[in-house]
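S.K.: Residue strings, one per chain:
Protein chains: 2
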Amino acid sequence: MASAVIDRSMVEQIVRQVALEYLHKSQNGKAPVLTVQTSSRHMHICREDMDVLFGPGSELTFDRPLFQEGNFAAREMVTVVGPRNRLISNLRILGPMRNASQVELAFTDAIMLGINDIPIRLSGDIADTPGAIIIGPKGVVELKQGVIRAAIHVHMNPTEAAYFGVSQGDRMKLRIGGEAGLTFNNVHVRIDPASRLNVHLDTDEANACGLHLTKDIELYK
Amino acid sequence: MASAVIDRSMVEQIVRQVALEYLHKSQNGKAPVLTVQTSSRHMHICREDMDVLFGPGSELTFDRPLFQEGNFAAREMVTVVGPRNRLISNLRILGPMRNASQVELAFTDAIMLGINDIPIRLSGDIADTPGAIIIGPKGVVELKQGVIRAAIHVHMNPTEAAYFGVSQGDRMKLRIGGEAGLTFNNVHVRIDPASRLNVHLDTDEANACGLHLTKDIELYK
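From first to last, the protein sequence lines stand for chains A and B.
Position 149 of the first sequence, counted from 1, bears residue number 201 in the numbering used here, the numbering being contiguous throughout.
Position 87 of the second sequence, counted from 1, bears residue number 139 in the numbering used here, the numbering being contiguous throughout.
Just so you know, these hints were derived from the structure itself, not from any lab.
Any given hint might turn out to be false.
Stated by the list, open to error - Taking lysine to aspartate or glutamate pairs in the EDC-like style, the calculated list, with each CA pair at most 20 angstroms apart, reads:
hint: 1; chain 1: B; residue 1: K225; chain 2: A; residue 2: D268
hint: 2; chain 1: A; residue 1: K225; chain 2: B; residue 2: E231
hint: 3; chain 1: B; residue 1: K225; chain 2: A; residue 2: D103
hint: 4; chain 1: B; residue 1: K190; chain 2: B; residue 2: E270
Chain A extracted, bound-state conformation:
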């Protein structure tokens, strides 16, 4: 009997319905609020590199909170030196510390630094990426790898993922309206119970679409 068959789209519809009902209860009927933010170039740092660059046992100093709970911009900054001795100074470190250091640049930054072939990666996926020299107030580190352009991505929790009908690793589209309107076609979905719905663009992406000029923004599967 046809009525006994539940196909994938029907399952998705049911899951979305359940998620919607949950959201209606928990958010007074409103769909999840999407926040789109621009990440300027920055560095994540590991304990070992922190020791060299800022002194043994040094800690990151809280400057301001970031959108995702527990993340923050630190007061500490470094200078990064590229392959042809070009440099970017005042590169902000974001906390907390991580297991491996990583430098995230927009293409414009990377080209300025002489790394024209910077790979596009999700944060943390730094195998076989270019390195750089990092200069801090107390010392110098040669990063063997870790210089990436962050792939555009959306953070969300499982309820929000159910609302959109997406799974870990899926790609979504993000349409930005306005005069410089465009649609990002490869927005990586990153699901974590601690996350808040939030798309991260880099400065090239934000400036290409004139993100600051529009509120007409749509995230969809």
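The hints should help you fit chain B onto chain A, whose structure is shown.
M.R.: Then chain B, alone, in the frame of chain A:
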């Protein structure tokens, strides 16, 4: 009788068919070849400002040809000074001279210069746009207006326009594939018999999509 009615879509179809046949004859059956190019920040200059900046009666010196017939990058460069005395030096002038001077910047450049609200305009449409101070080797000009971010646009000739089924002032979409793939949703159509099929991006747009990393490009209505 229904057969006597020719609606707009039918007309478009006929025009496209005629254009296709023309293209088949003239290009051995190949669709028009699309070239997508990045325009770095640059200036167009008028006779009067040329006189002040480079000396009375001075002419632009040919450096290299641009894609559109007759256009060229000149050897002459200027410094542009923004509202808070920030500056961009080595701003290239593109020839030939025009009726009005104009500075075209990417958003990243404009923000660097302190013009955060730079308007997005088609080239030549400079009424009520910000100005800037321009410094040349022989003098200084205060541009009252003319600093814009160029709206993304495609140049084509009437045959190519018929092939795509578009008219002057229409908007098209440009899909760029690859890891940083995106679709520009507002590509202005500029039709001129002397034009060659060619999309102009600025550096923000080119870097946002990693234009140099892909050949998967599609222009459509």
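S.K.: Okay, which hints does this one fail, numbers in order?
M.R.: Failing hints, ascending: 3 and 4.
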